[in-house]
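Chain F: place on chain E using the hints.
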Amino acid sequence: MLLTTSVGSLPKPDYLLTARREARQGNITQDALRQLEEKATRYWVEFQDKLGIDIIVDGEQYRGDMAAYFGEHLDGFATSGLVRSYGNRYYRKPIVIGPIKRPAPITVGWWQFAQSLTTRPVKGMLTGPYTIMDWSFNEHYSSRRDVALAVADVLHEEAVDLERAGATYIQVDEPAVSTRPEELELAIEALGRVTQGLKAKTITHICYGDFTTIYPKMLELPVDQIDLELKNRNFELLALFRKHPFTKELGCGVVDVHSHRIESVEEAVEGLERVLEVIPPERVYVDPDCGLKTRSVEEAEQKLRIVVEAAQRVKANLGKRHATGPRSR
Amino acid sequence: MHTTVIGSYPKVAEEAYGTTVIGAINRWQKKALSDQELERVFQDVTQQVIAEQESLGLDIITDGQIRWEDLVTSVVSQWSNIEINGLTRYFNNNVYYRKPIITGKPQRKAQRLVDQFTVARSVVKRATLKAVLPGPYTVAQLAEDRAFRNDGFFLQEIAQLLRQEAEALQHAGATVIQIDEPALAFGQPKSREVLSALHMVVDNVQAAKVLQIYFGPPQLPIEALLDAEIDGVGLDFVEAPQLVETIQRLKWPKDKGLGVGCMDARNTKVERPAALKQLWRRLASVVAPEQLYVSPNCGLEFLPHDRVVTKLTTLVSAAREFAKECLPCS
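Protein sequence lines, in the order shown, are assigned to chains E and F.
According to the numbering used here, the first sequence is numbered sequentially starting from 5.
According to the numbering used here, the second sequence is numbered sequentially starting from 161.
Bound conformation, chain E alone:
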C-alpha cells in the first residue's frame, strides 16, 4: 500500500549533458557516451534504492525526447529539421516516411542493466502509440489511426520482450491523450494493442490537458493504473473523482516537477491525505507529477525524498488511525 515510484525521466548530470553534445559533434565515440550513460543510470538506480523507493526507474539517461527516442530506433521514421515547441525551445520531430517496424528490441538492454543493479522491481518504460503518432509528422500512412496502430504493434513486441526479460511493471506513457478528446477512442484502441495479453502490471501516465473532456471515458484505457499530475493542479481532479469514481489504481503526483520550489513533507502529506479521502490506499501509488528531467539533480533528489517521506508518514498515520480510530475493534 502507498508504494512509491517515479514517472520516468530523471535529470542528466552535467558530465552526461556535455558528453551528449560532444557525441553529436563527433568529438567522442558512442562507446564513450554509453559508458557515461551507464554511470549515470547506476547513480540513479542506487539513489532510488537507498532512498527506499519501491518501484525503480532507470531514469532514461540515454533518451532525448520521449517520442523521438522511439522514432530513432524504429524503421520507417526520419527526423525533421528544427521546429519550435514553446518559448525558445526547439526540437527535431520524427517523420513517418515508411512502414513502421522494430528491427531489434529498443529498451530491453537498458532495463536489464538497471535491474541488475537492484533487487527492487524496475519499471519498463515506453512512450505510448497515440503520443508517438501525435508528436510525429506522417508522410506514409493514410490516417492518424493507421499510424497509431502501426506504432502500437511494434510497442506490443517491445512490451512482450520486457516482460520476458522479467519486468513486472510496464508503463506506457500517453501525455498526448487529452490533446484531441474526439480521438480518445483511438487512444484506447491503440493502447489496448500494446497491453494485450501482458501479465505485468500496466500503467499509463497522462499530463497537461483538460481532463474534464476525457473523464470518465479515460478509465477505459486498458491498463491497471493511471498516473496523474495531481499536485500542479492543486488536486482539483479529486472533484471529478468524487462525481464519478476513479476505478483504477492511481499513480498520484504529490510534488510539482515544473517548479524549483521544494515542497515540504507536510504539504505532500496533506495532498496525499486528500487523495485518500476519495481512493483507498491499497489503490494509490505515490510519485512526482511527471518526469523530473527538467529539474536539477539536487532538486530531483530533494523532491524524491519528499515523496518517500510523505508516503511513509501517511502510512504511519493510517496505522495509528487503524489502531485507535473509531473503526478499530
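Treat the hints with care, since some could be wrong.
[Stated by the list, open to error] Computed from the model, here is a short list of chain E residues facing chain F with C-beta under 7 Å:
hint: 1; residue: 86
hint: 2; residue: 87
hint: 3; residue: 99
hint: 4; residue: 212
hint: 5; residue: 216
hint: 6; residue: 217
[Unchecked claim] Here are the computed lysine-lysine pairs in the DSS-like style, where the Cα-Cα straight-line distance is at most 25 Å:
hint: 7; chain 1: E; residue 1: 297; chain 2: E; residue 2: 54
hint: 8; chain 1: E; residue 1: 105; chain 2: F; residue 2: 429
hint: 9; chain 1: F; residue 1: 350; chain 2: F; residue 2: 411
hint: 10; chain 1: F; residue 1: 190; chain 2: E; residue 2: 297
hint: 11; chain 1: E; residue 1: 252; chain 2: E; residue 2: 205
hint: 12; chain 1: E; residue 1: 297; chain 2: F; residue 2: 259
hint: 13; chain 1: E; residue 1: 105; chain 2: E; residue 2: 203
hint: 14; chain 1: F; residue 1: 416; chain 2: F; residue 2: 484
hint: 15; chain 1: F; residue 1: 437; chain 2: F; residue 2: 484
[Said to hold, decoys possible] Ranges between beta-carbon positions, derived for each pair:
hint: 16; chain 1: E; residue 1: 320; chain 2: F; residue 2: 194; range: 37 to 47 Å
hint: 17; chain 1: E; residue 1: 26; chain 2: F; residue 2: 197; range: 23 to 33 Å
hint: 18; chain 1: E; residue 1: 316; chain 2: F; residue 2: 381; range: 26 to 36 Å
hint: 19; chain 1: E; residue 1: 281; chain 2: F; residue 2: 263; range: 58 to 68 Å
hint: 20; chain 1: F; residue 1: 186; chain 2: E; residue 2: 216; range: 30 to 40 Å
It should be emphasised that the hints constitute simulated quantities derived from the structure, not laboratory data.
Cβ atoms here follow ideal geometry from the backbone N, Cα and C, with glycine treated the same way.
For chain F alone, coordinates are given in the frame of chain E:
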C-alpha cells in the same frame, strides 16, 4: 486568385537564415544582449523572411511574427493589468502558450505591434503586407478573467482594446488586417456575441478585414459569418474538407473573399498540385476566382523551414497553373 500565408513563419532555418534567434534570445535572457541588440536580430531575420516570401512569389505576406511566442502574448503584453502565467496547451497542438491573466481593467500602454508592422513594411518590395491580430473571442478563450467575472463584459473589454490595435495598424498603413479566431473551431461559440465583438474591433477600420478560422471547421454557421461586416472569411479545408460542400450550397456574396487554407501546415507531407487544383476548381464554381485567397491552413511555425519552402513553392506554382488552365471557370 491570390496566394497568401496565415501568420507565423519559422524563426529558424538551418539551410537559409540560420538559427541566430535561438542564441540571441538565450543571451538576452542572461542579460548578455541588450534589448536593442535583440531587436536588431529580430529585424534582420524578419527582413530575410519577408524577402523569402516575396521570392517564392506570394501575393500577400506577413512579417512572419518572428518576435511572437504565440498568437496572444505579444498583443496582450502591451496592455496593463495583465500577468503572463504558466504554460498551457495551445488548442489541439503539442505546443504550449503562456496563459495571460487579466487582473484588472486593462489599458493599452505600448504600440510594439505597430512598430513591428512599420519596420516590416519598410523592407517589403512588391507584395502586400498583411497585419495580423488575434480576435477578441480567441483572446477571451485563451486568457483568464480575474477582473470582470462576466464573460460578456470580458469579451467586450478585449474587443475595445483590439479595436485600438486595429485602428493603430490601419493608421500605420495596413491595408489588410487579418483577425485570427482559431477558438471558433472549438466548443460552442454564440454567433451574436462573437460577431458583436468582432464588429467592435473593425467597424471603424477601412482596411480590408479578414476573419481567419483554423484547426477545424467553424462551430457557428458560415451564413452568420457572411453576415458580418468584413471583407473575407478564411477557412481550414485541411482539417474540414467537408466545408467545400457547405460553400457550394451557399450563395457566396460577390464582394466577399474566401480564404482557402488548403495545405497542411501541421504535417510535412507535401500536397499534390492536382489535388489542390481540384479543390480550387470546385470552389471556383461558386466563388469568383479573384475572390479566392489560397494559403496553408494555419501559421507555418509548426513545420521545419525546408518543408515550408517546398509547400509554398508548390502552392504558388499550382496557383499559377490554375490561373492559366481555369480562366473559363468563372
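Hint check:
1. At a threshold of 7 Å, the smallest CB-CB gap from residue 86/E to chain F is about 5 Å, leaving the interface hint in force.
2. Because the closest C-beta pair between residue 87/E and chain F is about 5 Å apart, less than 7 Å, the hint holds.
3. Proximity of residue 99/E to chain F holds as hinted, the smallest CB-CB distance being about 6 Å (cut-off 7 Å).
4. The closest approach between the C-beta of residue 212/E and any C-beta of chain F is roughly 6 Å, which is under the 7 Å cut-off, so the hint is satisfied.
5. With a least beta-carbon distance of about 12 Å to chain F, the hint placing residue 216/E at the interface is violated under the 7 Å criterion.
6. Checking residue 217/E against chain F by beta carbon gives a least distance of about 10 Å; that is not within 7 Å, so the hint is violated.
7. Annotation: proposed proximity of residue 297/E to residue 54/E holds, straight-line Cα distance about 20 Å (limit 25 Å).
8. Note on residue 105/E and residue 429/F: the hinted pairing holds, with a Cα-Cα distance of about 20 Å set against a maximum of 25 Å.
9. At most 25 Å may separate the alpha-carbon atoms for a hinted pair to count; residue 350/F and residue 411/F meet this at roughly 23 Å.
10. Among the hinted pairs, residue 190/F with residue 297/E is consistent with the structure: their alpha-carbon atoms are about 22 Å apart, no more than 25 Å.
11. Taken as a hint, the residue 252/E and residue 205/E pair is honoured in the structure, with Cα atoms around 12 Å apart against an allowance of 25 Å.
12. Between the alpha carbons of residue 297/E and residue 259/F the distance comes to roughly 23 Å, so the proposed pair stays at or under 25 Å and holds.
13. Between residue 105/E and residue 203/E, the direct Cα distance comes to roughly 24 Å. Compliance with the 25 Å bound is thereby established for this hinted pair.
14. Of the supplied pair hints, the one linking residue 416/F and residue 484/F holds, its CA atoms being roughly 23 Å apart against a limit of 25 Å.
15. Using a Cα cut-off of 25 Å, the hinted pair residue 437/F and residue 484/F holds, with the two alpha carbons roughly 11 Å apart.
16. For residue 320/E and residue 194/F, the Cβ-Cβ distance of about 56 Å falls outside the hinted range of 37 to 47 Å, so the restraint is violated.
17. Checked against the hint of 23 to 33 Å, the pair residue 26/E and residue 197/F passes, with Cβ atoms roughly 30 Å apart.
18. For the pair residue 316/E and residue 381/F, the supplied restraint of 26 to 36 Å is violated, since their beta-carbon distance comes to about 59 Å.
19. Between residue 281/E and residue 263/F the beta carbons are some 33 Å apart, a value that contradicts the proposed interval 58 to 68 Å.
20. About 37 Å separates the C-beta atoms of residue 186/F and residue 216/E, a value consistent with the hinted range of 30 to 40 Å.
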